[in-house]
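Trainee: Let the sequences and hints guide you as you build the complete structure.
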Amino acid sequence: MKHSFLDNYSDISSVIHGLDPRVKIVGFFFLTVVCVSTPPSSYFSFGVYFVLLLGVLILSRLPFHHVFGRSMVVIPFVLMVAVFIPFLKKDVIGGGYNLGIGGLTVSNSGLMVLWNVVIKSYMGVLCMILLSSTVPFPKLLKGFEDLGLPKIFTTIASFMYRYVFIITDEAQRMKRARDSRCFGGKWIWHSKVIGHMIGTLFIRSYERGERVYVAMLSRGFDGDLKGKEGAQRLRPRDYIFLSVLIPIVTGVRLMV
Amino acid sequence: MNKEKAVEISSLTYRYPDGNLALQDVNLSIFAGESVAIIGHNGAGKSTLLLHLNGILKENGAVKIFGKPVNGKNLKGIRRMVGMVFQDPDDQLFCPTVYDDVVFGPINMGMNNKEAKERVTEVLGRIGLSGFEKRSAHHMSAGEKKRAAIATVLSMEPKILIFDEPTSNLDPKMRRVLIDLIKSFPETKIIVSHDLPIALELCQRIVILEKGRVVEDGSVKDILGKREVLERYEIDPSYHCQFCDMFKS
Chain X
1 MKHSFLDNYS DISSVIHGLD PRVKIVGFFF LTVVCVSTPP SSYFSFGVYF VLLLGVLILS
61 RLPFHHVFGR SMVVIPFVLM VAVFIPFLKK DVIGGGYNLG IGGLTVSNSG LMVLWNVVIK
121 SYMGVLCMIL LSSTVPFPKL LKGFEDLGLP KIFTTIASFM YRYVFIITDE AQRMKRARDS
181 RCFGGKWIWH SKVIGHMIGT LFIRSYERGE RVYVAMLSRG FDGDLKGKEG AQRLRPRDYI
241 FLSVLIPIVT GVRLMV
Chain D
1 MNKEKAVEIS SLTYRYPDGN LALQDVNLSI FAGESVAIIG HNGAGKSTLL LHLNGILKEN
61 GAVKIFGKPV NGKNLKGIRR MVGMVFQDPD DQLFCPTVYD DVVFGPINMG MNNKEAKERV
121 TEVLGRIGLS GFEKRSAHHM SAGEKKRAAI ATVLSMEPKI LIFDEPTSNL DPKMRRVLID
181 LIKSFPETKI IVSHDLPIAL ELCQRIVILE KGRVVEDGSV KDILGKREVL ERYEIDPSYH
241 CQFCDMFKS
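Protein chains in written order, with my numbering: chain X, 1 to 256; chain D, 1 to 249.
Derived from the structure by calculation, the hints contain no laboratory data. None of these values were measured; they are calculated from a predicted model. Do not rely on the hints blindly, as some may be mistaken.
[What the hints assert, rightly or not] Just a sample of chain X residues kept apart from chain D, beta carbon distances all over 10 angstroms, derived:
no.: 1; residue: Val-26
no.: 2; residue: Leu-59
no.: 3; residue: Pro-63
no.: 4; residue: Pro-138
no.: 5; residue: Leu-141
no.: 6; residue: Pro-150
no.: 7; residue: Ser-158
no.: 8; residue: Tyr-163
no.: 9; residue: Phe-165
no.: 10; residue: Gly-185
no.: 11; residue: Ile-203
no.: 12; residue: Met-216
no.: 13; residue: Phe-221
no.: 14; residue: Leu-234
[To be verified] What follows is a list of derived Cβ distance ranges for each label pair:
no.: 15; chain 1: X; residue 1: Arg-237; chain 2: D; residue 2: Glu-4; range: 55 to 61 angstroms
no.: 16; chain 1: D; residue 1: Glu-228; chain 2: X; residue 2: Leu-6; range: 54 to 60 angstroms
no.: 17; chain 1: X; residue 1: Ile-194; chain 2: D; residue 2: Val-177; range: 40 to 46 angstroms
Ideal Cβ placement from N, Cα and C applies to all residues, glycine included.
Mentor: See below:
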């Protein structure tokens with residue numbers, strides 16, 4: 001089956017990849033939160049945030065097409081929600097079109113809302129892509145654990161990471177089996193077959209869950225998630241990363 | 001030969017919650033150091049029987065492991081002694097990395113991190129998967145996954161090893177590697193399989209299960225050497241010939 005990764009490129013070596021996961025989690029979340037709290041009109045701040053992220057990207061030696069390609073995934077969703085706001089918000093009119101069927105006007109504050117939504121979500125996504133592409137997933141979970149996230153959450157996420165592709169593979173196999181039997185016909189028939197497939201997938205996943213649980217019990221699992229390893233000590237470069245990132249971001253934010 | 005009984009099952013009957021009778025009055029003793037194959041058709045109750053051996057399913061007092069009855073009180077000790085390798089390694093390898101999977105048992109047994117780490121390194125070396133610690137099971141071949149699944153059990157140092165269909169989904173080359181590997185384990189072994197040649201190679205004794213009952217229990221020679229026995233239970237009689245060939249040479 002296809003070998004997919006959630007965390008492509010997370011095992012290449014670079015300055016950024018070598019940092020402790022905790023430092024990267026804190027840094028990127030900090031940047032995201034500050035970015036969200038920045039007033040939309042302070043374009044300079046967003047410029048600085050973007051340059052910072054670009055700097056991290058260059059240091060991390062990740063391919064640009066990977067990062068920017070992935071970041072595009074979120075744009076359609078944001079646009080779908082926010083693209084009509086400039087037309088609907090009634091405020092100072094910035095401009096308009098006359099299409100012969102009545103006016104279509106664009107308001108200044110509406111445009112500002114659109115910009116606000118797009119730039120902040122884009123920055124957030126960029127942060128998360130940089131985080132997930134520079135830390136292998138298991139280490140990311142360990143980082144969250146060391147930062148005090150309860151083990152039950154990281155365990156759920158680790159099961160997700162382990163089984164998401166197995167379930168995708170299963171769905172793929174089912175689709176292939178369906179197509180091999182000359183799947184065709186009207187959409188109403190399609191929807192019925194797809195419904196059955198989703199049901200089957202659910203039952204199979206449920207049964208797999210039971211088998212996994214039996215395998216856990218067989219190895220002495222008693223409902224208690226044990227085995228928290230001690231956290232590693234932070235190294236100088238980890239401190240350097242945070243002491244460069246946090247003051248710059250804070251400074252820029254406080255300037256406005 | 002007065003050996004210790006590793007597994008003692010006395011009149012075990014089990015009914016599924018929906019009323020279906022899965023096991024009927026099963027009596028079986030397996031001695032320490034023995035290798036036993038349990039064979040039977042689909043739905044004969046093989047897997048249900050296995051689940052009784054480490055207390056996933058419990059019938060009071062019917063199963064004893066090294067003299068200890070399988071009940072709620074002994075469960076922890078029993079599961080430590082009985083290592084179960086399931087058919088689908090994707091069920092057994094549920095952690096993000098091989099290391100986490102192999103260390104899961106020892107940590108649950110209360111071992112500290114340092115000891116557990118040494119145990120993992122040792123077991124992975126024994127199984128031929130040194131250096132696989134950080135690998136994710138999703139990116140491994142079927143043979144590697146199977147071996148990793150065995151490692152997750154070996155790390156608990158069980159006294160009894162149970163394999164459910166150990167060679168399913170393996171190519172002939174990997175099958176050979178796995179058989180040789182299983183052969184090298186000195187523990188008491190119980191192998192559930194449709195693959196009779198495995199039984200021939202790995203086991204001294206064969207138990208045939210049919211409709212939840214033990215219908216034959218004897219040495220490999222007693223069972224595979226008699227064509228009529230194989231025919232009675234609709235097992236491919238060509239195994240009889242294979243067996244005869246093996247003993248002629």
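Trainee: Against this structure, judge whether each hint is valid.
Mentor: Quick rundown of the hints versus the structure:
1. Val-26: holds, 22 angstroms
2. Leu-59: holds, 23 angstroms
3. Pro-63: Fine: 20 angstroms to the nearest Cβ keeps Pro-63 (chain X) off the interface.
4. Pro-138: The claim is violated: Pro-138 (chain X) sits with its nearest Cβ about 4 angstroms from chain D, within 10 angstroms.
5. Leu-141: The claim is violated: Leu-141 (chain X) sits with its nearest Cβ about 7 angstroms from chain D, within 10 angstroms.
6. Pro-150: Holds, because the least Cβ-Cβ distance between Pro-150 (chain X) and chain D comes to about 17 angstroms, which exceeds 10 angstroms.
7. Ser-158: violated, 5 angstroms
8. Tyr-163: Label violated. Min Cβ-Cβ 8 angstroms, cutoff 10 angstroms.
9. Phe-165: violated, 5 angstroms
10. Gly-185: holds, 34 angstroms
11. Ile-203: Non-interface label stands for Ile-203 (chain X): nearest chain D Cβ at 15 angstroms, farther than 10 angstroms.
12. Met-216: violated, 7 angstroms
13. Phe-221: Phe-221 (chain X) not clear of chain D: closest Cβ-Cβ about 6 angstroms, inside 10 angstroms.
14. Leu-234: The assertion about Leu-234 (chain X) holds, with a minimum of 20 angstroms to chain D.
15. X:Arg-237 with D:Glu-4: 55 to 61 angstroms: holds, 58 angstroms
16. D:Glu-228 with X:Leu-6: 54 to 60 angstroms: Holds: the Cβ-Cβ distance is about 57 angstroms, inside 54 to 60 angstroms.
17. X:Ile-194 with D:Val-177: 40 to 46 angstroms: holds, 41 angstroms
In terms of the numbered hints stated before, the structure departs from hints 4, 5, 7, 8, 9, 12, 13, listed from lowest to highest.
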